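**Student:** Protein chains in written order, with UniProt numbering: chain A, 1 to 143; chain B, 1 to 150.
Do not rely on the hints blindly, as some may be mistaken.
Beta-carbon label-pair distances, calculated as ranges [claimed, not checked]: (1) B:SER42 with A:GLU71: 33 to 39 angstroms; (2) A:GLU105 with B:THR140: 22 to 28 angstroms; (3) A:ILE107 with B:TYR10: 22 to 28 angstroms.
Partner residues aside, some chain A positions facing chain B, computed with beta carbon under 7 angstroms [claimed, not checked]: (4) MET36; (5) ARG40; (6) LYS90; (7) ALA94; (8) GLU97.
Stretch-level coverage of chain B by chain A, calculated; a stretch enters the list once three of its residues show a Cβ under 8 angstroms from a Cβ in chain A [said to hold, decoys possible]: (9) 78-90; (10) 99-113.
Quick caveat, the hints were computed from the structure, so don't treat them as lab data.
In this text, all values refer to a predicted model and were calculated from it rather than measured experimentally.
Every residue gets a Cβ at the ideal spot worked out from N, C-alpha and C, and that includes glycine.
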Amino acid sequence: MITKMTITNVNVIDQESAYDFYVNKLGFAVVDDIPMGDSRWLTVSPPEQPDLQLVLFPVKVSKMFPKEVAENLIELIRKGVFGCGVFTCKDIFATYEELKMKGVEFIKPPTKEFYGTEALFKDDSGNFFSLQPINNFGDENSI
Amino acid sequence: MTKEEYPKVYLYRRVVQAKLFIDSNYADKIDVDNISDEAYFSKFHFIRLFKSIYGKTPHQYLKSVRIEKAQHLLKKGLSVTEVCSSVGFDSLSSFSGLFKRMIGESPSAYSKNYRKTFSEIRKRPLAFIPSCYASQHGWTENSNFEEVVE
């Protein structure tokens with residue numbers, strides 16, 4: 001029986017830039033940062049979810065990504081084709097304001113949908129994520 | 001609902017600015033009065049709003065930021081005394097006591113354990129990386145990553 005997800009991938013175009021985005025802008029914690037030749041084994045965790053690691057996986061020509069695959073993948077990431085998941089927060093409006101102040105690009109501000117309130121933002125590569133409040137089933141965020 | 005239409009947007013912005021003020025000035029001698037001044041709020045109104053958004057009072061949040069920064073500096077190799085003053089504590093004993101309560105070990109033990117792990121990572125990096133990823137990268141084919149002899 002599978003019980004948890006512990007490691008998942010976010011394909012990124014530049015690891016150094018991704019480090020700045022996920023650590024300094026989103027506030028994620030660095031779990032591993034191990035130099036491996038011309039790249040790094042770089043994983044981060046959301047502040048209140050230390051048992052889930054996001055691998056900031058560099059898309060570059062390698063054994064895994066032949067040249068054509070790497071080029072195509074980078075183009076698709078830049079175009080914003082890939083949605084990588086849903087992040088939750090205690091207060092979506094405060095989180096939205098904070099991330100905007102830090103320069104994070106939102107493609108949708110907090111918007112009331114039939115399933116609750118949602119915003120969408122892009123990482124520095126072009127991957128997009130949904131942002132939703134923890135209790136997103138009809139509860140209004142309000143101070 | 002657009003970005004300008006959600007409830008009390010100006011309140012959110014002020015509280016967020018105060019939070020970012022703590023993030024930037026944690027090493028200075030700031031207290032709640034300074035922070036509420038930053039947010040243009042009365043002290044008690046500000047504390048209530050801050051806690052409703054972040055789940056912690058501004059003072060609790062300031063302490064958590066200081067300890068988080070302390071962990072980072074200890075990993076970089078600074079001494080406990082240097083870290084203590086760098087993150088805004090006057091007293092080494094109050095810093096060490098708070099660090100131990102929040103992290104579960106003293107700053108010196110934390111630093112020592114991190115050094116030990118760091119040394120292990122340098123010697124055998126592949127022991128810390130899932131083999132499926134290492135294999136996909138071709139790292140397992142490079143004997144230089146198998147073991148670093150110092």
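**Student:** If a hint holds in the structure, say so; if it does not, say that too.
**Tutor:** Structure-based check of all given hints:
In this structure, B:SER42 and A:GLU71 break the distance hint of 33 to 39 angstroms, their C-beta atoms being roughly 57 angstroms apart. Restraint check, A:GLU105 to B:THR140: a C-beta distance of roughly 37 angstroms breaks the suggested window 22 to 28 angstroms. With their beta carbons about 24 angstroms apart, A:ILE107 and B:TYR10 fall inside the hinted range of 22 to 28 angstroms. The restraint placing A:MET36 at the interface with chain B holds, with a minimum CB-CB distance near 5 angstroms, inside the 7 angstroms limit.
A distance limit of 7 angstroms between C-beta atoms decides the matter here; for A:ARG40 the minimum to chain B is near 10 angstroms, and the interface restraint is violated. With a cut of 7 angstroms, the hint placing A:LYS90 at the interface with chain B holds, because the nearest CB-to-CB distance is about 6 angstroms. Annotation: A:ALA94 was flagged as interfacial toward chain B, and the flag holds, the nearest CB pair being 5 angstroms apart, inside 7 angstroms. With a least beta-carbon distance of about 5 angstroms to chain B, the hint placing A:GLU97 at the interface is held under the 7 angstroms criterion.
For a cut-off of 8 angstroms, the count of residues in the stretch 78-90 of chain B with a CB near a CB of chain A stands at 0, and the three-residue condition is violated. For the stretch 99-113 of chain B, the stated coverage by chain A is violated: 0 residues have a C-beta nearer than 8 angstroms to a C-beta of that chain, whereas at least 3 were required.
The structure does not agree with the numbered hints 1, 2, 5, 9, 10 stated previously, though it agrees with the rest.
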